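Peer 1: This is what each chain is made of:
2 protein chains.
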Amino acid sequence: MGSLSANTFSPLDSNTLKNESKMVVDFISDYYNNIEKYPVRSEVQPGYLSAKLPQSAPCCPESLEDILKDVSDSILPGLTHWQSPNFFAYFQANASNAGFVGEMLCSGLNIVGFSWISSPAATELESLVMDWMGKLLNLPSSFLFSGNGGGVLHGSTCEAIVCTLAAARDKVLKRMGWDKITKLVVYASDQTHATLHKGTKLVGIPSSNIRSLSTSFSSGFSLSPQTLQEAIENDIKSGFIPLFLCATVGTTACGAVDPIKELGEIAKKYNIWLHIDAAYAGSACICPEFRHYLNGVELADSVSMNPHKWLLTNMDCCCLWVKQPYSLIDSLTSDAEYLRNAATESNNVVDYKDWQIALSKRFRALKLWVVIRRHGLSNLMYHIRSDVKLAKWFESLVGNDKRFEIVVPRRFALVCFRLKPKNGIDGSKLNRQLLFAVNESGRAFMTHGVAGGVYFLRCAIGSTLTEERHVSELWKLIQEKAQTILANATT
Amino acid sequence: MGSLSANTFSPLDSNTLKNESKMVVDFISDYYNNIEKYPVRSEVQPGYLSAKLPQSAPCCPESLEDILKDVSDSILPGLTHWQSPNFFAYFQANASNAGFVGEMLCSGLNIVGFSWISSPAATELESLVMDWMGKLLNLPSSFLFSGNGGGVLHGSTCEAIVCTLAAARDKVLKRMGWDKITKLVVYASDQTHATLHKGTKLVGIPSSNIRSLSTSFSSGFSLSPQTLQEAIENDIKSGFIPLFLCATVGTTACGAVDPIKELGEIAKKYNIWLHIDAAYAGSACICPEFRHYLNGVELADSVSMNPHKWLLTNMDCCCLWVKQPYSLIDSLTSDAEYLRNAATESNNVVDYKDWQIALSKRFRALKLWVVIRRHGLSNLMYHIRSDVKLAKWFESLVGNDKRFEIVVPRRFALVCFRLKPKNGIDGSKLNRQLLFAVNESGRAFMTHGVAGGVYFLRCAIGSTLTEERHVSELWKLIQEKAQTILANATT
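Sequence order for the protein chains is A and B.
171 is the number that my numbering gives to position 171 of the first sequence; each next residue is one higher, with no gaps.
104 is the number that my numbering gives to position 104 of the second sequence; each next residue is one higher, with no gaps.
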């Protein structure tokens, strides 16, 4: 066997690890320091990268220096810079030092957590941190392990939706027979995130069975309990089986909040699984002044929210809590001889492979645990509140300019606004021009939404590095571009 | 707005990033240096962690020193050490410096890649690296972007299976009507990974429609084309609709390889979607001497393999290639106003949200790209070959000891063996005792498999740090424990 030992290839060598990690940390640190120099939204054209990089893998090892040079020269120009303080698009994806080092620990230990025994600490820390996070949100104890519910970390809301839909589906089909799958109906407002449609279809329920219920300005684009009740009654009359209701706390387009309590009472009445998607605004609910948006959560079957959006947790991290873990497990369990072990058979442990789509999982819990401890509730609340304060300020700047209007009342740190229509020119056209001009400048990046037929600009405040001066600059930029557009609109 | 600026809370500060990253790298480096001191499989009891850690999140920030101390004192003892050179269980999860720094880059840039525009470089590098990887495996060009197919990075095989099953399902149901979902049939051998069953049920196909076809010793536990053909014919006669065949290159229990070419011809004949799951052994196919196991891949519709197992890529990373990207996209696309953008509407770009379950995705491509470049094909092949060489050597040690036998012929770096039954004592009992004794020693961790009714021990060689001396020590340990067990078995 001598010849093997002679080779010096050691892909996990300590000194190299230290040296190369330092190079990368310095690189990332420089990136953050210079991030405002890049156009926020990438300006490259489709296909730009294949002209810059080889079409095949190298045969010989290359140095990290060369690789980092390529990242600088070829990758950075093609990034849309989510960590830029001038990023106001979609929803923010909060990076933080704590999230970064949490990821390093996760990646360095590199365990695979499918069963308890495959790394007990990973399972137990995940259960613990899900209870922590649940308590921060003041969830009823029925969602915590300490109250016979429980939580699991997924990578995305879509995964959480797929798993809860499957659990709800299987509860009903077990009783009524699998051929009833074409009769199951899923309810949500027309503001609900596209993941619900995707998830519904993924679990085998026809897209035509999704009821995308109308909302309107008058209710701030929240789902009306009466509309829901009518839809359910109609479906029952037509022989459908009401299955699942997804209510949202902080919708993507405009930050609307569905009335959880009233919807929950209807869901209970018809024995419908109620899921609360608080992907964005869930993080705000750690502050007492926002927690009321979750009132009625005790009527839900499951709740999810994404610390990777607004809670200083690097991608990816989605928290899902369920009241009846056995419903999830019933749907998602897998039984294979090679996974059998004494701990599982004792029924004394959580095997997270039965709580999610994939069998294997990363040690994400470590990241969230580091994020929570390193900041503490106090700084996490400070983080949310300072973003909301900036958003309020931005909202007031917009409101004080007669050319503009707020389209949907702000609830969190998302401001939905537009240029008022002028001289008979369609508001949509003006605001498309405005958004185009702002984004083309490279100095900021915002996206748009449409609600009630109205096209508006979304200013999502909350990138980790965003300070007052960036919001101030954004407003100046918007005003500058608006002036030109309006000037042209009058001629 | 003055009061906000006054606070010094800066969760993404450069100096802190450097200092704290260094602390964590030193921690990880020490962990690797001391990893052999820990029992490989954790010895903690269920519930051990909740006794050690607070039940609620702290209000005030805590120092990283305190957190790392808790990782040392409370987390490490509860880990099953996948990076230990004495880890021979399940399949290895290869960490490497390159994978680690690749993850750091991904986590530091922290972009969210759902659409091309949300970070063009992330999308384009993913397409590029999937073509690189496809070429390393010598996949037909029909699976590469350069040949009108294409690839995507998922987190796990189960996600890849769910997406391809949904694509196959929707192609058929679009033609035949959604109520035929209960008639769709999925085929695989009884050695196929549990993810296929999980995935099938997830996409709404009844579990009873999975044909788990028998394999036997005589064919090395590979799926017999004749058995498949008969099953299909039977199903057609009974009014079922053959949908999907999952063939495996390197099964989990014993590393069996299904005959892709023969199975592929049958799949073509019946218009069945053929997926090749090469999660484990796909990595070996970068070496010419193993590539023949993929012969016939040109007949498949999709292929997946996991660099996070055996290709020095830290968790998680699963490559999926498809010949007809539009089939995937048809099933998984989501259309929401707030995601609309000019690039998408040009139909000139890849939007990876339509190739996977989640909308959002991490910049995993950067990690795989760093791994491939930092090692080069030459060292990646060296890595595979040295593990296979060690496995051959271990196999010969076992084969030369008359008390033992090889249960299934070794193809890659997984050795399936057992103590021969003795004195009328059931082989399963003896080998359970042996596995228990080895794992209880803390000096190594193996798991078991069952095939053809025979219980055996699995020695999966290939952890990044495993050297000849560790395999040698493992064999000594096995012999030592076997001696005691056999001595007691005779009394």
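Errors might be hidden in some of the hints.
To be verified - In silico SDA-like pairs for lysine to any residue, Cα to Cα no more than 25 Å straight-line: (1) Lys174/A / Pro206/B; (2) Lys135/B / Ser63/A; (3) Lys183/A / Lys420/B; (4) Lys174/A / Pro421/B; (5) Lys389/B / Pro325/B; (6) Lys389/A / Lys18/B; (7) Lys52/B / Lys183/A; (8) Lys323/B / Glu337/B; (9) Lys323/A / Pro46/B; (10) Lys174/A / Ile241/B; (11) Lys22/A / Ile241/B; (12) Lys135/B / Asp66/A; (13) Lys18/A / Leu68/B; (14) Lys171/B / Tyr338/A; (15) Lys135/A / Asp70/B; (16) Lys392/B / Ser378/A; (17) Lys18/B / Leu377/A; (18) Lys18/A / Thr8/B; (19) Lys22/B / Lys183/A; (20) Lys420/B / Asp13/A.
Unchecked claim - Covered stretches of chain A (in silico footprint by chain B; criterion: 3 or more residues with CB under 8 Å from a CB of chain B, positions within the stretch not fixed): (21) 200 to 207; (22) 218 to 225.
What the hints assert, rightly or not - Footprint (simulated), chain A over chain B, 3 or more residues, beta carbon under 8 Å: (23) 16 to 22; (24) 48 to 56; (25) 129 to 139; (26) 226 to 234; (27) 451 to 465; (28) 475 to 484.
No lab work stands behind these hints: they were computed from the structure.
Computed from a predicted structure; not experimentally measured.
Ideal placement from N, C-alpha and C gives every residue a C-beta, glycine not left out.
Peer 1: None of the hints should be skipped; say for each whether it holds.
Peer 2: Hint check:
Restraint check for Lys174/A and Pro206/B: satisfied, since their Cα atoms lie roughly 11 Å apart, inside the 25 Å limit. Distance hint between Lys135/B and Ser63/A is fulfilled; the C-alpha atoms sit about 22 Å from each other, no more than 25 Å. Of the supplied pair hints, the one linking Lys183/A and Lys420/B is violated, its CA atoms being roughly 55 Å apart against a limit of 25 Å. Simply put, Lys174/A and Pro421/B have alpha-carbon atoms about 43 Å apart, too far for the 25 Å limit, and the pair is violated.
Under the criterion of a C-alpha separation no larger than 25 Å, the hint pairing Lys389/B with Pro325/B is inconsistent with the structure, at around 38 Å. Restraint check: the Cα-Cα separation between Lys389/A and Lys18/B comes to about 30 Å, which exceeds 25 Å; the hinted pair is violated. Restraint check: the Cα-Cα separation between Lys52/B and Lys183/A comes to about 49 Å, which exceeds 25 Å; the hinted pair is violated. Between Lys323/B and Glu337/B the CA atoms are separated by roughly 29 Å; this puts the pair beyond 25 Å, and the hint is violated.
The straight-line distance between the Cα atoms of Lys323/A and Pro46/B is roughly 22 Å, inside the 25 Å bound, and the hint therefore holds. This hinted pair checks out: Lys174/A and Ile241/B have alpha carbons roughly 22 Å apart, not beyond 25 Å. Taking the CA atoms of Lys22/A and Ile241/B, the gap is near 56 Å; set against the 25 Å cutoff, the hint is violated. Restraint check for Lys135/B and Asp66/A: the C-alpha separation of about 22 Å stays at or below 25 Å, so the hint holds.
Simply put, Lys18/A and Leu68/B have alpha-carbon atoms about 17 Å apart, close enough for the 25 Å limit, and the pair holds. For a cut-off of 25 Å, the pair hint linking Lys171/B to Tyr338/A is broken: about 34 Å separates their Cα positions. The hinted pair formed by Lys135/A and Asp70/B meets the criterion: a straight-line CA distance of about 21 Å does not exceed 25 Å. Distance check on the hinted pair: Lys392/B and Ser378/A sit about 57 Å apart at the alpha-carbon level, beyond 25 Å; violated.
A C-alpha spacing of about 24 Å is found between Lys18/B and Leu377/A, which places the hinted pair at or below 25 Å, so the restraint holds. Restraint check: the Cα-Cα separation between Lys18/A and Thr8/B comes to about 30 Å, which exceeds 25 Å; the hinted pair is violated. For the proposed pair Lys22/B and Lys183/A, the alpha carbon gap of about 56 Å is over 25 Å, so the pair is violated. Between the alpha carbons of Lys420/B and Asp13/A the distance comes to roughly 40 Å, so the proposed pair goes past 25 Å and is violated.
Note: the region 200 to 207 of chain A has 6 residues with beta-carbon separation from chain B under 8 Å; the three-residue rule is met and the coverage holds. A stretch counts as covered by a chain when three or more of its residues have a beta carbon under 8 Å from one of that chain; for the region 218 to 225 of chain A and chain B the count is 0, and the coverage is violated. Closer than 8 Å: that is the beta-carbon criterion, and the region 16 to 22 of chain B has 6 residues meeting it against chain A, so the requirement of 3 holds. Here the region 48 to 56 of chain B counts 6 residues with a CB under 8 Å from a CB of chain A, which clears the bar of 3, and the coverage holds.
Figure legend: the region 129 to 139 of chain B, annotated as covered by chain A; annotation consistent (5 residues with Cβ-Cβ distances under 8 Å, at least 3 required). Only when three residues or more bring their CB closer than 8 Å to a CB of chain A does the claim for the region 226 to 234 of chain B stand; here the count is 0, and the claim is violated. Counting residues of the region 451 to 465 of chain B whose beta carbon lies closer than 8 Å to any beta carbon of chain A gives 3, which meets the minimum of three for the stated coverage. Three residues within the 8 Å Cβ limit are the bar, and the region 475 to 484 of chain B against chain A gives 0, so the coverage statement is violated.
The structure is inconsistent with the numbered hints 3, 4, 5, 6, 7, 8, 11, 14, 16, 18, 19, 20, 22, 26, 28, although it conforms to all the rest.
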